[in-house]
Each structure stands twice: as structure tokens, then as C-alpha cells.
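The whole structure should be built from the sequences, with the hints applied where relevant.
Keeping their order, the protein sequence lines are chains A and B.
The opening residue of the first sequence carries number 14 in the numbering used here; numbering runs sequentially from there.
The opening residue of the second sequence carries number 599 in the numbering used here; numbering runs sequentially from there.
Warning: the hint list may mix true and false statements.
[As the list claims (entries may be wrong)] Distance condition first, Cα-Cα at most 20 Å in a straight line; then the derived SDA-like pairs of lysine to any residue: (1) A:65 with A:90; (2) A:82 with A:25; (3) A:16 with B:640; (4) A:16 with B:643; (5) A:16 with A:89; (6) A:16 with B:658; (7) A:16 with B:616; (8) A:16 with B:614; (9) A:16 with B:645; (10) A:65 with B:703; (11) B:677 with B:693; (12) B:678 with B:616; (13) A:65 with A:32; (14) B:678 with B:715; (15) B:678 with B:639; (16) A:16 with B:657; (17) A:16 with B:636; (18) B:678 with B:693; (19) A:16 with B:714; (20) A:67 with B:678.
[Stated by the list, open to error] Restraint ranges, calculated between C-beta atoms of paired labels, are given here: (21) B:682 with A:78: 36 to 46 Å; (22) B:656 with A:80: 31 to 41 Å; (23) B:661 with A:30: 21 to 31 Å; (24) A:85 with B:639: 23 to 33 Å; (25) B:614 with A:71: 40 to 50 Å; (26) A:67 with B:661: 37 to 47 Å; (27) A:54 with B:657: 22 to 32 Å; (28) A:90 with B:614: 48 to 58 Å.
[Unchecked claim] A short, non-exhaustive set of chain B residues, derived as facing chain A with CB atoms under 7 Å: (29) 642; (30) 645; (31) 685.
These are computed hints drawn from the structure, not numbers from a lab.
Only a predicted model underlies this, so the values are computations on that prediction, with no experimental measurement involved.
We put the CB at the ideal spot given by N, CA and C, even for glycine.
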Amino acid sequence: LAKTTQPISMDSYEGQEVNITCSHNNIATNDYITWYQQFPSQGPRFIIQGYKTKVTNEVASLFIPADRKSSTLSLPRVSLSDTAVYYCLVGGSSGGYNKLIFGAGTRLAVHP
Amino acid sequence: SQTIHQWPATLVQPVGSPLSLECTVEGTSNPNLYWYRQAAGRGLQLLFYSVGIGQISSEVPQNLSASRPQDRQFILSSKKLLLSDSGFYLCAWSPTSGRFGGTDTQYFGPGTRLTVL
Chain A
14 LAKTTQPISM DSYEGQEVNI TCSHNNIATN DYITWYQQFP SQGPRFIIQG
64 YKTKVTNEVA SLFIPADRKS STLSLPRVSL SDTAVYYCLV GGSSGGYNKL
114 IFGAGTRLAV HP
Chain B
599 SQTIHQWPAT LVQPVGSPLS LECTVEGTSN PNLYWYRQAA GRGLQLLFYS
649 VGIGQISSEV PQNLSASRPQ DRQFILSSKK LLLSDSGFYL CAWSPTSGRF
699 GGTDTQYFGP GTRLTVL
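Spelled out as C-alpha cells, the structure:
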């Protein structure tokens with residue numbers, strides 16, 4: 014399974030755009046890239062998933078270059094409520110279930 | 599809509615005591631089910647997963663066990679708790695994956711905070 018590397022922490026201010034980059038040099042052909050958000054004492058929540066190029070939803074955008082060895086989660090105009098831990102995961106279905114490896118994540122702190 | 603429940607929300611247990619955490623899913627059938635543990639300030643560690651009733655796979659050796667007596671019920675147990683079992687336990691479900699590659703979204707429950715003293 015591909016290992017991911019992301020910054021331990023980031024700081025931002027309300028209204029700014031935040032970009033969190035994740036490295037996954039050993040990504041396999043069938044692997045997808047998924048980002049989750051976790052607030053303290055809650056379970057992670059799915060944000061976005063992509064395979065290549067760009068994916069956008071109402072919450073975020075995900076940019077994946079052609080070599081797929083990295084990806085960038087973009088959060089437009091963050092607010093205080095976006096303060097959370099963000100996890101980048103790489104994986105695919107295996108044996109009838111999807112195995113996800115959660116790293117330590119990136120702790121994003123949004124300041125007033 | 600689908601919902602996932604876990605109980606209890608918090609639990610304080612002495613070392614050597616038994617453990618039983620329950621997870622139930624509503625609004626879906628034949629889900630894949632997962633148990634994770636999260637130590638303070640760390641990422642999630644997958645403990646068990648299940649693709650069907652009575653089908654349990656373990657990811658890491660430990661003194662914990664899991665069972666799936668019903669389609670939408672997943673139970674995490676221990677006969678004797680250790681101090682190292684303290685943590686935040688999360689249950690998750692995902693749709694049965696029917697496609698090659700890709701990952702179906704996992705939906706997490708509210709979690710159980712376990713403290714072993």
C-alpha cells in the first residue's frame with residue numbers, strides 16, 4: 014500500500030485559501046486518492062476523492078498531477094470551523110473491501 | 599438515509615476487565631464494517647474488518663476480537679483489557695465494493711473513548 018507524507022501542521026486565517034499537499038511516490042495504478050477531515054472526538058468525514066487531474070465539489074478541490082505522485086487539497090476561503098485534522102489516503106479495493114491507511118494527518122489551525 | 603451508532607460514548611475500565619463495544623448501522627444492507635483505534639494525537643489504526651456475517655479479518659495481533667452476529671451489527675471485545683488498549687475506538691461502514699479498483703467512502707460513527715486504568 015502506498016505511504017503518504019503530508020505536513021504535520023499548518024496555520025491560516027479566515028478567508029484565505031489553504032492548500033495541503035500530500036506526497037505518495039509509490040501510488041499504484043489502481044489507487045485512488047481520498048481526503049478526510051476529522052474534528053476532535055469525532056470520526057473522520059469524507060471530503061473528496063480523485064484519480065487524476067482535478068476534482069471539485071462544494072467543499073474543496075483536489076489537484077492531481079499527471080504522475081500522480083502527489084496531490085493537493087484546496088480549501089477556498091477557510092473559516093474558523095475548518096480547524097481540523099486532514100488526512101490524505103491512498104488505496105484501492107482489495108479482496109472485496111477497501112483498505113485505507115490513515116497517517117498522522119495535517120493539523121490545520123484557522124485564526125481570526 | 600444511512601446512520602451508524604456506537605455505544606457507549608465513553609468508558610472507563612480497570613486493567614484486566616472485559617470489554618464489549620457495539621456498532622450498528624441502519625439504512626443499508628450487507629455493508630463492509632470496520633473497527634479502528636486512534637491513540638491521542640495519532641492517525642487511525644485499522645483493527646478489524648468484515649465483509650459479511652461471521653466473516654472477520656484482523657489487521658494487527660492484539661488481545662481484542664471482533665464479531666458480526668448480524669448483518670449490520672459489529673462488536674469489539676476483549677477478555678482482559680490492557681493499559682495500552684486505551685484510545686478512541688471508531689466503527690465505520692462502506693458500501694460493498696462492486697468495482698475493480700477505487701475506494702468506496704467510509705462513513706464513521708461517533709466513536710467510543712476508552713480509558714483503561
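Report the numbers of all earlier hints that the structure fails to satisfy, in ascending order.
-> Hints 1, 2, 5, 7, 8, 11, 15, 18, 19, 20, 23, 30, 31 are the ones this structure does not satisfy, whereas the remaining hints hold.
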